[in-house]
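Respectively, the protein sequence lines represent chains A and B.
For the first sequence, the positions run 1 to 314 when this note's numbering is used.
For the second sequence, the positions run 1001 to 1314 when this note's numbering is used.
If you're looking for bench data, these hints aren't it; they were derived computationally from the structure.
Hints may be right or wrong, so weigh each one.
Mimicking DMTMM-like on lysine to aspartate or glutamate, the simulated pairs with C-alpha atoms at most 25 Å apart in a straight line are [unchecked claim]: (1) A:K107 / B:D1149; (2) A:K151 / B:D1149; (3) A:K151 / B:E1235; (4) B:K1173 / B:E1235.
Interface residues of chain B toward chain A, partial, derived using beta-carbon atoms under 8 Å [to be verified]: (5) I1163; (6) H1167; (7) T1252; (8) M1276; (9) N1290.
Note that the structure is a prediction, hence the values are computed from the model and not measured.
Cβ atoms here follow ideal geometry from the backbone N, Cα and C, with glycine treated the same way.
Protein chains: 2
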Amino acid sequence: MEKKCIGVDVGGTTVKIGLFEPQGTLLRKWEIPSRKEENGRFILPDTAQSIRRVLEEEKLSLADIEGVGMGLPGPVLPDGFVELCVNLGWRNMNAQEILSGLLDGVKVCSANDANVAALGEMWQGGGKGYRNLVMVTLGTGVGGGVILDQKIVAGSHGLGGEIGHIHIREGEKEACNCGGHGCVEQVASATGIAREARRAMAASQADSLMRRFGDSITARDVLDAAKAGDALALEVMETVSYYLGWALAIVTMTVDPDIFVIGGGVSRAGTFLTDMVERQYRKLTPISENKAGIALATLGNDAGIYGAARLILS
Amino acid sequence: MEKKCIGVDVGGTTVKIGLFEPQGTLLRKWEIPSRKEENGRFILPDTAQSIRRVLEEEKLSLADIEGVGMGLPGPVLPDGFVELCVNLGWRNMNAQEILSGLLDGVKVCSANDANVAALGEMWQGGGKGYRNLVMVTLGTGVGGGVILDQKIVAGSHGLGGEIGHIHIREGEKEACNCGGHGCVEQVASATGIAREARRAMAASQADSLMRRFGDSITARDVLDAAKAGDALALEVMETVSYYLGWALAIVTMTVDPDIFVIGGGVSRAGTFLTDMVERQYRKLTPISENKAGIALATLGNDAGIYGAARLILS
Chain A
1 MEKKCIGVDV GGTTVKIGLF EPQGTLLRKW EIPSRKEENG RFILPDTAQS IRRVLEEEKL
61 SLADIEGVGM GLPGPVLPDG FVELCVNLGW RNMNAQEILS GLLDGVKVCS ANDANVAALG
121 EMWQGGGKGY RNLVMVTLGT GVGGGVILDQ KIVAGSHGLG GEIGHIHIRE GEKEACNCGG
181 HGCVEQVASA TGIAREARRA MAASQADSLM RRFGDSITAR DVLDAAKAGD ALALEVMETV
241 SYYLGWALAI VTMTVDPDIF VIGGGVSRAG TFLTDMVERQ YRKLTPISEN KAGIALATLG
301 NDAGIYGAAR LILS
Chain B
1001 MEKKCIGVDV GGTTVKIGLF EPQGTLLRKW EIPSRKEENG RFILPDTAQS IRRVLEEEKL
1061 SLADIEGVGM GLPGPVLPDG FVELCVNLGW RNMNAQEILS GLLDGVKVCS ANDANVAALG
1121 EMWQGGGKGY RNLVMVTLGT GVGGGVILDQ KIVAGSHGLG GEIGHIHIRE GEKEACNCGG
1181 HGCVEQVASA TGIAREARRA MAASQADSLM RRFGDSITAR DVLDAAKAGD ALALEVMETV
1241 SYYLGWALAI VTMTVDPDIF VIGGGVSRAG TFLTDMVERQ YRKLTPISEN KAGIALATLG
1301 NDAGIYGAAR LILS
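Work out the full structure: start from the sequences and follow the hints.
Following this line, the structure appears as structure tokens:
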């Protein structure tokens, strides 16, 4: 029997775990709550215990496992050292060494969760079949992951793939979480799209489907209105697409991937969104017709466990 | 005796060639003219003949050579195929296969010249000792090269490291050679700096050391004036440094190298230039204090032969 692998996606609310065949078939997935008390010290023991229990139920032992990969919500140094995971309360620890110790020394690898999700989409998702991929995740924030030659580019200081914090917009007065002004995240995240809509409503007298939502408008409301042909919502989405397309153009001129994969909640708008982004991206890369296209992510919230499992096979 | 390697830098005017020890010592360098008649068909035979002659003079044979690396002025596909080298007249050929055939089948590798120069600076130049480096060459245009894990990131469509064609400046009316408007090259190349100075002089009534040069002002004149404390020239260089610093910030958020290396004629301005650029770069990357610094290239025009020789050792 070929050895199986396990992918663990550690988040601030739950730890998602998947048991995989090395070819990429997900055999079973489950999750446990992330116990954040006492600086999150129970999270790894809970995870180890849960893995042992499921293996037992599946009539497997740790010897049947090639290893455990883990995506973590923060920067991870090449040796697995974690300086800070704000959402978990972790500080200055090596999570992969600890989990390995709790699992009788089985091989454990770890990496940043956005990078791991990109690896998952490369393995079994929207980027399947490609070796070089850049994923952009449009959620509450904007995450990113650069994969070259099937490996994560974590960067020399853990900043690789931080597409959300590329400075892109001049004159932005509000500050981003990172301290910058005018990051991609500030205009293309769900939060950013909603803010852009509030600004557009305030600056215009025009009638709009968006007005019924007032200040509590969400990115989804904006996208629904834009799809329904609402002029003001379309204007907002043109602005969002312009900056996002520009960010992709920049990434193409730097690492020139095979393909871009767009994921996260905002990407549920589908090709309506990616077509708008692609038009802008193509306009800003006149140097060549031959360049990466844009695909949608397909694994949703499972990208993390897929990518984590794939870490073990690298 | 350890085998030696040869680096060839094919340019539109001359072919530069270097004979190296595998540890990186340059034993001998020379150049031959690039004969561009008949679509450059003599360039590779001339190069092969010249290599044979020098080896003979050095009492070496092709069997003493590990291989020949070659930098070419255009995009090079992973298998060595060259669609177009405008400056040489080459079209749809595999230069590395041809040169290998002319040299009794010795191993020949090739890559784009800007990427190769970056590899050279990593090996024995301003980025010596680092594995991850991004080079930006400020010459007539702006070239770039991304090196990760000691290897060139050529990109899936040959666009990797095209830092000069990152779109960065909104509202630029003039077109770049690539067809874009507002590329890094348009503001940070020697040509771009001179244009910026002409624009500044036209828009201002202020007295300036630059005025004596009129419309024939060069980047060097601008930098000399700025170093002498000329207010208008300093303003021009602040603009140039802002966009260049922004480009480095973008690259950090994408691949996060160990170090940036700045080369090309404009970089002769030294730390006066890189200090200005670094201030802007740091302002635009508030996310972390821990990030790549900026160094000056040290190999000058020899970066190409160094990097080409290093290709063979990859």
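Okay, the hints, checked on the actual structure:
no.: 1; hint: A:K107 / B:D1149; result: 24 Å, holds
no.: 2; hint: A:K151 / B:D1149; result: 11 Å, holds
no.: 3; hint: A:K151 / B:E1235; result: 43 Å, violated
no.: 4; hint: B:K1173 / B:E1235; result: 20 Å, holds
no.: 5; hint: I1163; result: 7 Å, holds
no.: 6; hint: H1167; result: 5 Å, holds
no.: 7; hint: T1252; result: 6 Å, holds
no.: 8; hint: M1276; result: 17 Å, violated
no.: 9; hint: N1290; result: 5 Å, holds
Going down the numbered hints, you'll see the structure goes against 3, 8, while the others check out.
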